[in-house]
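J.: Protein chains in written order, with my numbering: chain A, 1 to 339; chain B, 1 to 339; chain C, 1 to 339; chain D, 1 to 339.
FYI, nobody ran anything at the bench for these hints, they're computed from the structure.
Wrong hints could be hidden among the right ones.
One copy or any two copies: either way a pair holds, since identical chains are not told apart in the list.
Derived DMTMM-like pairs (lysine to aspartate or glutamate); straight-line CA-CA distance at most 25 Å [stated by the list, open to error]:
hint: 1; residue 1: K55; residue 2: E31
hint: 2; residue 1: K304; residue 2: E113
hint: 3; residue 1: K65; residue 2: D83
hint: 4; residue 1: K135; residue 2: D259
hint: 5; residue 1: K270; residue 2: E283
Number of protein chains: 4
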Amino acid sequence: MADRLKVGIIGIGRIGKIHAGNIAHFVGGAELAGVADLFLNPEGEAFAGSLGAGKVTKDPGELLKDPSIGAIVICSSTDTHADYVIAAAQAGKHIFCEKPIDLSVPKVKAALEAVKKAGVQLQVGFNRRFDHNFKRVRDLTLAGEIGQVHVVKITSRDPAPPPPAYVAVSGGIFIDMMIHDFDMARFQAGSEVTEVYASGSVLIDPEIGKAGDVDTAIVTLKFANGAIGVIDNSRKAVYGYDQRVEVFGSKGAAVAQNDSPSTTVLYNEKGVTGDKPLYFFLERYKQAFIDEMESFVEAVTRNKPVPVSGTDGLEDLYVALAASKSLKEQRPVKLEEVK
Amino acid sequence: MADRLKVGIIGIGRIGKIHAGNIAHFVGGAELAGVADLFLNPEGEAFAGSLGAGKVTKDPGELLKDPSIGAIVICSSTDTHADYVIAAAQAGKHIFCEKPIDLSVPKVKAALEAVKKAGVQLQVGFNRRFDHNFKRVRDLTLAGEIGQVHVVKITSRDPAPPPPAYVAVSGGIFIDMMIHDFDMARFQAGSEVTEVYASGSVLIDPEIGKAGDVDTAIVTLKFANGAIGVIDNSRKAVYGYDQRVEVFGSKGAAVAQNDSPSTTVLYNEKGVTGDKPLYFFLERYKQAFIDEMESFVEAVTRNKPVPVSGTDGLEDLYVALAASKSLKEQRPVKLEEVK
Amino acid sequence: MADRLKVGIIGIGRIGKIHAGNIAHFVGGAELAGVADLFLNPEGEAFAGSLGAGKVTKDPGELLKDPSIGAIVICSSTDTHADYVIAAAQAGKHIFCEKPIDLSVPKVKAALEAVKKAGVQLQVGFNRRFDHNFKRVRDLTLAGEIGQVHVVKITSRDPAPPPPAYVAVSGGIFIDMMIHDFDMARFQAGSEVTEVYASGSVLIDPEIGKAGDVDTAIVTLKFANGAIGVIDNSRKAVYGYDQRVEVFGSKGAAVAQNDSPSTTVLYNEKGVTGDKPLYFFLERYKQAFIDEMESFVEAVTRNKPVPVSGTDGLEDLYVALAASKSLKEQRPVKLEEVK
Amino acid sequence: MADRLKVGIIGIGRIGKIHAGNIAHFVGGAELAGVADLFLNPEGEAFAGSLGAGKVTKDPGELLKDPSIGAIVICSSTDTHADYVIAAAQAGKHIFCEKPIDLSVPKVKAALEAVKKAGVQLQVGFNRRFDHNFKRVRDLTLAGEIGQVHVVKITSRDPAPPPPAYVAVSGGIFIDMMIHDFDMARFQAGSEVTEVYASGSVLIDPEIGKAGDVDTAIVTLKFANGAIGVIDNSRKAVYGYDQRVEVFGSKGAAVAQNDSPSTTVLYNEKGVTGDKPLYFFLERYKQAFIDEMESFVEAVTRNKPVPVSGTDGLEDLYVALAASKSLKEQRPVKLEEVK
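If we strip away everything but chain A, and leave its shape as in the complex, we get (with noise of 0.2 Å):
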């Protein structure tokens, strides 16, 4: 149809796939018109062709210098997100970049600019928004179910952890996981954080310690509105991926619990058992990877703010490097410190 966002993606990797297969069957308004990767394999190939993209290529440019592309998806590795962008922006393409821009604040800054001097789009990858849970906790807050909103309080626990190889590039917990909760204790706050303490030990994985970093962490939060926000982080929890939001306030609490594959509980002489959470979050996100894009095709087609814009990326970037120095100096540190 003529009138749809046609989408180039960069980067067809596990994530890249994901949106490449939301963008060809599920988002209504947009068609997958070019896949590029610089190391595109036969079978990354084959999984693009499956989809009708109708380019595909090892060369980003094809993409951005073909007229008809309206906005380009980014999903290749961190440290190429930055250049991309740019060069993406200066093509005069709307953006969706993977999270995060960059672990540099100045590189991220530099993205933004290109951004903004181009008049395009660009919406960050933070698909938690989107989860049909913690969107019903926000909207709740938004409708005045809550009331002032006092505390937020977010669960977070991956199923298994990385290896501590990644962690050592990674920029450690607070950049590659928990920057997902700054991002959503922002959102579900309605204001901005003005300050972090961080506390964190190691006790799952040695190696992550010897690598520098933290595999289970408690970060407060206190944000411009007087409310106070606390994430607890661990690596693993053995029965699966642990998404839960909880915002209290003056009138009321909404609290998100996890999702599961079934309803179905079993009643036996050892208890009452229920299924464990979803495993992670291919399963327990598949929805919200749908809707955040879907949000970004209609923001571009209809000329409306992105739901989650490059300064959301960059905040949740100063939380986290924030939350990283008061973890090493073990002391609260204000946001200013790190801007």
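The hints should help you fit chains B, C and D onto chain A, whose structure is shown.
T.: Same frame as chain A, but now just chains B, C and D:
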């Protein structure tokens, strides 16, 4: 205190001890004035003494002729209930009688006649009406939250079957077990049963079958107000006492779940596991036994109608007899056939 | 891809669109090769086109004579199902037919005979067997977690009644609505129904009564293996689609609750409030529709037995007819009476 | 009975009445031998009399010099606790003292010294350890079901704030409210707190802020065993008393939810609504108050260690003082700084 209702108990077996203890400790407006048991043993005597029961005797007549005693609680064996009701009524005592009054309709009618003639109060021990969960269901209906009642569903399963010898004399599953649910169904429907259809199987213990009974049964009820009811009973649920009630109507549904020892759940590799339901009626209906006695004492001392009358006991018996007849004759049975 | 099963759909109404969309987008081993609808309109044509259906026509015969098409999905009006089954079988196509095959036993038998003669596969559209919750219940039973099945309980309530005109031609509540539950009961019991007793009332809409049907019904089932079943249906639950299943046995019970849009609960002065169940079958069984088609395609392509056969459809119809007869004659009806 | 522990109570205010009633009615091994209250009024006297307390007096000394009394329960105002502990210890009585022993570390130490010297038992009234839900969490940990404890999370919110005048003298939120949670955290972690970081806001009542306190607080704890803890407190949850505990570890997590008056839920057009949590501590911890006294009596009569010692009370106080210091100085505070 002079204005407390002085209560004498006949029968100090399992249920008699519960009522005695409740009257002595928990029922504000009553005191335990005496205990009589034809087969009184030292253990029962010591128990009664520890509660401060003034008179402890083998002769129920001693309680009946004591002018200070205002009410009699009958907890003796079922075959003596009706006679004690009559004797107590003739002695001018208010009466709380454990269920059932008798298995024979004429004997029940004779007892009710004596009560009526004496102008005393008679409450029958259908304790489940006072259960916090089931009462809440009824209160929601009375508050109009359910609208017109369409369906009443009751699940009632015991943790372990009685000895086959017991079911041979008890009157069977409809008389000794489901009668509680018939009373609950009438209570929740707010209407009288007009027709019964019973279906049953022997699935737990073949000896129960040899004794002429079933151990698994489902009974469908029609009510005068057009509502339909369904009750399922099992003599053995390996996970404990399963006691649930659901009322569905034009404006909604109220569903009462089981109680359990704690709200704590364990998340681990096997799933998410909570406690089994409370094991049996002593645990589940602990507070209900207190509350029914409170209600009885209040009805007597304030001259209000008792919440579960002799007529209720008779109606419940009719339903049970109709269910037995239905099972035997494999057809729906109208209540009028057994009246 | 050359080895995908090419599927033609007859009838592109509400349910036809669901199957068409699922085949086009979600069912890995199939592709949508054609759509035929006697009353094809521009909207249906556009819809089929947007899915890339090769052939879009008013003539089902075009699909039947296309040698590249391996399977036919019949989604036309009920009265045409049997004829299309026969025609498709004669054309050598495998068949997925929406339920019911027909309301007339002879016509169903004729259709099954044609299928048998042609040596093709026939799956009937009892989608609920594929529901994640109900399947989990069955899987627990098959894994031995429930032990011997004693009781199967099904609650099934629609959010809103159909027009009275519909029930006059649909065959009534047992044929158009509870037939799903009869199939579920047989599925969960792992045994055939031998006797049925139906009880019903008109409590929602007097017009349904005038049309000769009831709107509230409870049916008791006896199974060949001694288990007992009970189903309660209502045409109108104000809180949405209520779909629950419980299987109770010698080792435990499995209970499937409703699905809801989110797990989020609101705590405030009024109580603790969660979401209503998903509104109706399109929401609740969205994934089940996909999974049943996946199973059909897998059965056809791997030459395995279909999970819901024509014989299942016939047995379900017998149970429904027995229930209708029971309600009318106010007595339990043995299945052999309607066979 | 001659072998029951005779107990005297000092202070017959709200909490004194609870303990007196529990000892008189529920604690099998004890009897209420006397009640003393400096400000005894007719109402308190009548209450004590109705429980059969032998001695009812304005002079606590009468209980202390009564050789038949084996244990003293101290329920007077906080500022008198330490002196009564010392006096009771010197009189050779075992002691149950309501929390806190005192707000001053030296006074607490003096009291503990006197107890030690006298060789009597001292239990401090941290009743929540006996809550059925929280005890179940701890039991799961002790049974090895959680593995190594990584995180302890406690939510504790009151239904309504105290008068600002109260917080001005109570020592503030950490001393009068969160001290219960500090004790719970130590109990659940099975380890001592080594460092505290407190964050707080005035969000409920500005008068509380003027009185020098906060009404909303989150405290992070580090334990000697490497575990991390987090507690959130609010002085006002409009939905009632919110008391939850979660312990997360290497093998799983145990989560204790709130108790509510019933399990009944209402399904209607607005959603699915259950009861609010039990209103406040008298309801929620009703049984815990009984069980802590049972434990005390058992410890005394069987010469076992008390489950909550004076040292526990002192450690909890240290944590609370460290939290106050942390809030004031806006930095993490090590426990040794306040010892």
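J.: Taking the hints in turn, state whether each one holds.
T.: Verification of the hints:
no.	hint	verdict
1	K55 to E31	both (12 Å within a copy, 23 Å between copies)
2	K304 to E113	within (19 Å within a copy, 60 Å between copies)
3	K65 to D83	within (16 Å within a copy, 56 Å between copies)
4	K135 to D259	both (14 Å within a copy, 17 Å between copies)
5	K270 to E283	between (28 Å within a copy, 19 Å between copies)
No hint from the list above goes unmet by this structure.
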